[in-house]
Each structure stands twice: as structure tokens, then as C-alpha cells.
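Peer 1: One-letter residues, chain by chain:
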Amino acid sequence: MTANALQITDLRKSYDTGVEALKGVSLEIKPGEFFGLLGPNGAGKSTLIHCSTGLAQPTSGQIEIFGHDAIDHYKEARMAVGLAPQDLNLDWFLTLEESLDYHGGYFGMPKKERKERTAELLETFSLSEKRHERTRTLSGGMKRRLILARALMHRPPLLILDEPTAGVDVELRLELWHYCQKINEEGTTILLTTHYLEEAEQLCSRIAFINEGEIVASGTNAEVAERFGTSSLEDAYLELVGRKELSRAKVESEDEL
Amino acid sequence: MSPDQIRFLSLVRREVNRFMKIKRQTLGAPLLETFLYISVFGAALGSRIDKLHGVDYVVYIIPGLIMMAWVTNAFANSSSSLMQQKFQRSIDDQLSSPASPMELLLGFSLGGFLRGGIVAIVTFIVSSLLVDLPVRHPGLLIVTFILIGFFFSQLGVLIGLRAEQFDDVAFAQTFILQPLIFLGGIFYSITLLPEPFRTLSQLNPIYYMISLVRYGFLGFSSTNIALSFLFLTIVTGVLFAFNYRLFKRGYKLRA
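So the protein lines, in turn, are chains A and B.
Converting from the first sequence to the working numbering requires adding 6 to each position, the first position being numbered 1.
Converting from the second sequence to the working numbering requires adding 182 to each position, the first position being numbered 1.
Hints were generated in silico from the structure; no laboratory data involved.
It is possible that part of the hints are untrue.
Listed next, the in silico DMTMM-like pairs over lysine to aspartate or glutamate satisfying Cα-Cα at most 20 Å (straight line) [as the list claims (entries may be wrong)]: (1) A:149 to A:129; (2) B:268 to A:22; (3) B:434 to A:93; (4) A:117 to B:186; (5) A:81 to B:285; (6) B:430 to A:22; (7) B:205 to B:215; (8) A:29 to A:16; (9) A:81 to B:186; (10) A:149 to A:181; (11) B:203 to A:103; (12) A:118 to B:186; (13) B:430 to A:78.
Quick look at which bits of chain A chain B covers, simulated, 3 or more residues with Cβ under 8 Å [what the hints assert, rightly or not]: (14) 58-65; (15) 74-88; (16) 97-104.
Simulated restraints, written as ranges between beta carbons of each label pair [as the list claims (entries may be wrong)]: (17) B:186 to A:125: 22 to 32 Å; (18) A:193 to B:387: 56 to 66 Å; (19) B:434 to A:147: 28 to 38 Å; (20) B:303 to A:130: 36 to 46 Å; (21) A:130 to B:183: 19 to 29 Å.
By construction, the Cβ of each residue, glycine as well, lies at the ideal position given by its N, Cα and C atoms.
Next up, chain B with everything else stripped away, as it sits in the complex (with noise of 0.2 Å):
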């Protein structure tokens, strides 16, 4: 192995073994808060809701409910520990090495996307236990998983960064993240809300990435699916392209 690769490793290591100490915050916690979710509005409430788009309501749920676990994860895992990190200066330790920008800022978000990819990845093997759960276009599928994590992981480092008290995170995590992802439609669907509310929907960026988690799964979608897979594919892109910058200029980072 290179030197750089050894270092790469090391970076990505140290990240993966932060939220392995204290897995049961980190993996046990969203594990059952997302089998709450499925127990509460799926089994319990969902038997007394039609089916929607032909499946029964849990079935319709659980795709979004996977995804939520990622999303949460990966933007909660990459701006804790960089956060934690930069308030203890112990990222001083790697910002004093020889790694570059890029591998600092993919070693800082690798860390969140690998514990949101756990998460997810559990939920979906007890769902499939638990609930006939179709894979209709398995390889979107992963594709838009893989996006989907990234972008998150990448919002956390970019959050992060920018804090400045612990507050901060929990603000961005309370009452931005939270609402738009409720509200991106992972217990409903936006076509039964009423005006101006379906299309207000429509600008929340989560609504289409739902969509295409679903569409993989369950094989219909209420969005044009190469229009959300491009759309999610140029804001990973772009945040990453941002972030980078962010890491090369050394913002909030060095003096």
C-alpha cells in the first residue's frame, strides 16, 4: 500500500471507529427509532389505511423510511464528529499531516455515508423479513443510494464546518432537515394534498429524491425520473465542488 493510501485509510478509519465506540447511539438508536416508525404508522395505523398506488401503506412507507435512515445519519454522524473535532482541536492532528484538502474532506464524509449505508442496509434486511418488499430496479436503486448518502454526508461536513457551538448542528439537524424530510412525502403522497401545499411540496428537494428511492422499490413514481436522478446527480456534484473549495481555502479550518 502507498503512503497515500495508508493515509487516505487512516483518515477514514479513524471516522468509522468514532461512531463504533458509541454504537449504541450511533447504529442502535436509528435502528429502533426507524422500527418505531414502521411498528407505529405501519402496522399499527396502516391497517387502517387504503393502499396507496396499489401497495399496502407499510409497504409504501418503508422505501422512504430506509432512506430517512441514511439521510439522517450520514448529515448527523459528518457534522458531530467534524464539529467535535474542530471544538477539541484534535483535528489539528490531520490538518498538520500531509493530507490534502480532498482527502481530508472524503475521509471526514466517508465516515457518515458508511453509518447512514449500516443503518440503512439493517432496515432493509428486517423490513424484507418483516413485509414483502419488491426491489423493481435494483441498480437505480443503489446508484441513488450511494448519491443520496453522499449528498448528506457532505451537507453534514458542510455544517460542521460552519458551526460554531453545538447548537448550531442541532439547529440544522431540528429545523431545517427534519421538517423537509416529514414533509418530502416518505409517510404520505404529495399527489392526495390539497393546493398550494402539493406544489409548495414541489421545492423540496427531498420530495424528488424520495420519489426516485420509491420508484427503485416499488416501480412508480410521481416525478419524471431522469429529470430527479439528473437533478440529484447535479446537487451532489455542486455541494461537493463546494465544499471542496471550502476545504482547499482552509475555511473555518486554518487560521
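Just chain A, same shape as in the assembly (with noise of 0.2 Å):
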């Protein structure tokens, strides 16, 4: 049997601060999927996917990466992921060359594979006019198509993309859309995290919504809207929420009135 993409069993993290961000959550991503995680902020989403990438350390609980223990065999689990952070968490000192470069040499990648990959991924995310520029010389939209190549330096098997079109224009937004549709048919695991429901319901197979460290309800979008009793993602999740009163189709009919 092939091991899950992401195995997450019973996961418990709570902080220094005495908040406890996660209360045991189990998920499950099968190989290939484009996996949505969606829920308010604050509601875990982040810390789930700090966790499963060593940047948080879980208070209990399993995490698996395609069948490696994330603590146990983190060398072998962190291998398969490619993570595109939230924050655009780049070092200002480097150029964009050298980002890739590093992170590429961090995962034990030749010289002669690292600059060729540099330069292919540079080309794809329409950067290589900028490469020997620094960071921090770049627009919003330049950094978050540079943290996304970053993440795919090394060709990891499973993709994390934590709100990665936060803040970026419309024509951003749906270049980044395409690219990911088809490294995923390409064979590439994404799990993929956001506030736009409508970036869920275009691109994700599956999707669970987390509320208050819980995982609260899972499935396809249907089904997910079914197990609210909605007709719309939308609208499950201003279930979740606690606010249908916003909900676009209540809005439209009293206007009508």
C-alpha cells in the first residue's frame, strides 16, 4: 500500500503561552491530491503545516510525510516538502540566484543541478532579468513568485503553500493558480491553505475546514457544503463561522424585497 502524501494523527500543539492551537487533529492527504485547509484566522491552519514542516514542534501526536515520521526521520520527511510560507521570508542580503542556490544546496543538490534548476525555475516565475538582484529590491508579487520557486527547488513530492495568494493582484493570482494545477497533474501533492473559498472550489479535490484547532468537517466541496447544509462553500463556511446572516444569497433576496 502506498504510504499517504501527509498523514496527521491525534495532533496536540499548544504554545508557551498556555494556547492551544491544535486539539488533536487527524488529516489525511493521498498522493496526487490538491488538498485544501481552510477555517477563519487563528484557527490552526498555519501551525498545522509548522509543524509537518519542523518549524513548530508538536506537543503530541503523529505526523507522517509519504510514510517518514516528521520527528523521528525528519531528514527524510522535510526531503519531500517544499513549503511557501505565509510571511515572504526572504533574506535581504541575497540575490534571487543565490536564494534558490542555498536552499537548493540545504537539500543536498549538485552545483551543476542547482543552476540548472535555478535557471529553469527563474525563467517559469518570469524572474531571471532580476537575478543577480536582492531580495529586497523586489515588488510583493516578485518575493511571493520567489518564495514559490524556492519551495520547488529541491522537486518535492508534496507541496505546501500557506495563503499564497494573499495580497497579490488578480493577474498573479491566477498565473500562480495555473502553475500549481499543473505540477499537479504533473504528479506534484499540494496541500494548500487560503481565505478565498473560490481558490478552494477551482482548485483543491478535497477540502477540510479547521475551526479552533479542530478539523470541524472533510470531503469534496459538495460534500462539505451538504454537512452544513448549504448550497455553497461560501456559505458553509459563514456557518462555520457564525455569520449567515452575510450570506450573498440572504443578502440578494432581501434586497429583492
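Each chain sits in its own coordinate frame; assemble them with the hints.
Peer 2: As C-alpha cells, this is what we get:
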């Protein structure tokens, strides 16, 4: 049996401040899936991602990435993951080329391979002309593209995108969507967190709603909407956060009156 | 080269690249500072100061100045590089990579070690051209410098790791490290001090380091060399082990 791309079992995470960010989350993402994790701010989406990528230490529970335990066999587990974080966490001192080259180095890629992959990704994301410039000179959209290129540098079979389209213009959002769909079709498993429900509807084959550190629903878009007794994902989300009065269907019917 | 070797070299290359990109600040400034000390204290004032332990004053202070260059630069580089990467969160790129705690710790500290080493070696070469600087015990001197450079780059890592604001590193550097270095006997012999300052100076760990370095260059020492060397080896080992524990725990690195 093939191992799941990501298998999370009863994951709990409490911070030193006493905040319990994850309260026994279980989740499985199969190889090749495009999976969406949705939920309001502070629901635990980033904590779940951080625990899966070594940026946070789980309090209890288990995380396996393609069958490798994220704690006991962290090297193998992390080799399989590419992370595009929510923050534009680029090093200001480095050029674009260096940012990708060092990342490839951290993942053990030989020099020749790093060079070729760097050129290929900079070309793909229309950043070739800027390759010798320092990252701090880039616009927000360019930084976002570079973050994605960096996550893909070591050809990870699992790509984790933490709100990749937050604050980007429509053109770049569509560009990123197309690219993600393409690499998903080519076999890369994708875990996407987003606030944009249309993004999840458009891209994801399955989704999960997370709220206050717990998975409250998961399945296909239709299954999740049905679970909340609504006709759309957006209405299901509004149900989840207790704001169903904002439903577009409700607002439109009131307008007609 | 194995993937592990490539990873480790990449971590070190990144640190070296950082200080080479701002070399006016990281290499130029400390070199100028060291030569200002040599000019003012050695050449200008030194001619009016008697010989110390049978050597000219300028020759007496140069070993300490070379050590100070290595110490302050090793500390400054490790602490500020780690702190900046933490604040930018760019450190997450290394933390989410397969790098082990040991690889990360050595990567962050070797940058400082090498920067300090470059400044110290250039200072040594130029000083040797300006004055007749003996090297009595080269073997001991090299090992001592390696231990001292490693100790202070580790100390920089520790301070950078703990830092929560830019002030924290500046505070440690200005209010703790600098006074300890100056009061450790770079510019004078502790034996000239009256009590209780003479005894108090013996509580300063840097006193023993300067003593070892001066012994390596000039061949005389005010401390027991074997004990000083043992002390230096132990404190370096203990600090390294302590930092390794913190990195393994993910202290202030992994939430």
C-alpha cells in the first residue's frame, strides 16, 4: 500500500503562552491530491503546517510525510516537502539566484543541478532579469513568485502553500493557480491553505474546514457544503464562523424585497 | 560530495557570503579600528611608556589586539547574523530543511569564526611588517586562537539566539564583552595593578586567554599556561555543548 503524502494523527500543539492551537487534529492527504485547508484567522492552519515542516514542535500526536515520521526521521520527511510560507521570509542580503542556490544546497543538490534548476525556475516565474538583484528590491508579487520557486527548488513531491495568494493582484493569482494546477497534474501533491473560497473551489479536489484547532468537516466541496446544509462552500464557511447573515443568497433575497 | 557535505557547505557559504557582501563594515572597519589602536597606543603613546616584561610597549599590546580582533568579530558576526535571520524569518528556510541541529549550529558559528580569523590574520601580517613581532610558540598559539575564535563565535550564537530585539546584542557587546576585553589586560600587565583590582582581574576569563596568546607570541606569561589552556578548552567545550542542547531543543527557533 502506498503511504499517504501527509498523514496526521491526533496532533496537538500548545504554545508556551498556554494557547492550545491544535486540539487533536487528524488528516490524511493522498499522493496526487490537491487538498485545501480552510478556516478563519487563528484557526490553526499555519500551526499545522509549521508542525509538519519542523518550524514548530508538536506537543503530541504523529505526522508522517510519505511514510516518514516528521520527528524521528525528519531528514527524509523534510526532503519530501516544499514550503511556501505565508510570510515573505526572504533574506535581504541574498540575490534571487543565491536564494534558490542555497536552498538547493540545504537539500543536498549538487552544484550543476542547482544551477540548471535555478535558471529553469527563474525563467518559469519571469524573474530571470532580476537574478543578480537582492531580494529586498523586488515587488511584493515578485517576492511571492520567488518564495514559490524556492519551495519547488528541490522538486518536492509534497508542496505546502500557506496562503500563497494573500495580497497579490488578479493576474498573479491566476498565474499561480495555473502553475499549481499544472504541477499537480504532473504528480505533485499540494496542500493549500487559503481564505479565498473560490480558490479552493477552483483548485482543490478535497478540502477540510479547521476551526479553533479542530477539523470540523472534510471531503469534496459538495460534501462539505452538504455537511453544513448549504448550497455553496461560502455559505458553509459562514455557517462555520457563525456569520450566516452575511450569506450572499440571503443578502440578495433581502435586496429583492 | 555527499548530500550532507553539500548541505553543510551551503550553510557555511551563506554565512561567509553575508559578511563578504558588506566587507567594508565587517572586515574594513575592524581592520581600521585595530590599526588606530596600534597607532595611538603603540606608536604615539608607546614611545613614552617603559618596556613591559622586557619588550617595547607596542609589541606588548599587539598580541592582545590581534586576539581582540578575532574575538569581537567572531562574536559580532554570529550574533547579528543569527538575530537578523530570526527577525526576517528567513531562518525558516534552513530550519525546514533536512539540516541537523549540529549542522545548523556549526553553520551559524563558522561564519563568525572565519570573519574573526581573516581580520586577525591580516592584522598579524601587517603588524609583522611594521614591528618585529616574535612568535615563540606557534603550535600553542594556533590552537589557542582556534579555541578562542570558536568560543566567541559560540557566545555570539547564544546571544543572537536569545535576542528578542536589536538592543539585546548591542547590550551584550558594549556592556559586557567590551569591558571584559579591555579590563583583561590587553593594554597593560595585570601585575602592575594595585589590589583589589589585581585579584578581581583574575576572575575575568579573558585575562587567561590574553595570557595564553601573549605567551604564544612573546614567550612569557603571568598565568599558569597549562591551567589556562585547560580552562579555555573546558569553557569552549561546555559552551558548545550548551548551545548544541539549545539547538536540539529548538530553543527560540522552533515554536
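Peer 1: All hints are to be evaluated individually against the structure, with a verdict given for each.
Peer 2: Structure-based check of each hint:
Distance hint between residue 149 (chain A) and residue 129 (chain A) is fulfilled; the C-alpha atoms sit about 15 Å from each other, no more than 20 Å. A threshold of 20 Å between alpha carbons decides the hint, and for residue 268 (chain B) with residue 22 (chain A) the separation of about 18 Å falls inside it, so the pair holds. Between residue 434 (chain B) and residue 93 (chain A), the direct Cα distance comes to roughly 18 Å. Compliance with the 20 Å bound is thereby established for this hinted pair. Taken as a hint, the residue 117 (chain A) and residue 186 (chain B) pair is honoured in the structure, with Cα atoms around 13 Å apart against an allowance of 20 Å.
Annotation: proposed proximity of residue 81 (chain A) to residue 285 (chain B) holds, straight-line Cα distance about 12 Å (limit 20 Å). Annotation: proposed proximity of residue 430 (chain B) to residue 22 (chain A) holds, straight-line Cα distance about 17 Å (limit 20 Å). Restraint check for residue 205 (chain B) and residue 215 (chain B): the C-alpha separation of about 14 Å stays at or below 20 Å, so the hint holds. For a cut-off of 20 Å, the pair hint linking residue 29 (chain A) to residue 16 (chain A) stands: about 8 Å separates their Cα positions.
Of the supplied pair hints, the one linking residue 81 (chain A) and residue 186 (chain B) holds, its CA atoms being roughly 10 Å apart against a limit of 20 Å. Between residue 149 (chain A) and residue 181 (chain A) the CA atoms are separated by roughly 14 Å; this keeps the pair inside 20 Å, and the hint holds. Our distance criterion of 20 Å between C-alpha atoms is met by residue 203 (chain B) and residue 103 (chain A), whose separation comes to about 15 Å. Proposed proximity of residue 118 (chain A) and residue 186 (chain B) is supported: the alpha carbons are some 16 Å apart, at most 20 Å.
Straight-line distance between C-alpha atoms of residue 430 (chain B) and residue 78 (chain A) comes to about 13 Å, which keeps the hinted pair within the 20 Å bound. Three residues within the 8 Å Cβ limit are the bar, and the segment 58-65 of chain A against chain B gives 5, so the coverage statement holds. With 6 residues bearing a CB less than 8 Å from a CB of chain B, the segment 74-88 of chain A meets the requirement of three and the coverage assertion stands. Under the rule that three or more residues need a Cβ within less than 8 Å of chain B, the assignment of the segment 97-104 of chain A holds, with 5 such residues.
Between residue 186 (chain B) and residue 125 (chain A) the CB atoms are about 25 Å apart, so this pair conforms to the stated range of 22 to 32 Å. The hinted window of 56 to 66 Å between residue 193 (chain A) and residue 387 (chain B) holds, with their beta carbons roughly 57 Å apart. For the hinted restraint 28 to 38 Å between residue 434 (chain B) and residue 147 (chain A), the CB-CB distance of approximately 32 Å keeps it satisfied. Distance hint check for residue 303 (chain B) and residue 130 (chain A): the Cβ-Cβ separation is about 44 Å, which falls inside the suggested range of 36 to 46 Å.
One distance hint, 19 to 29 Å for the beta-carbon pair residue 130 (chain A) and residue 183 (chain B), holds here, with the actual separation near 27 Å.
When each numbered hint is compared with the structure, no violation occurs for any of them.
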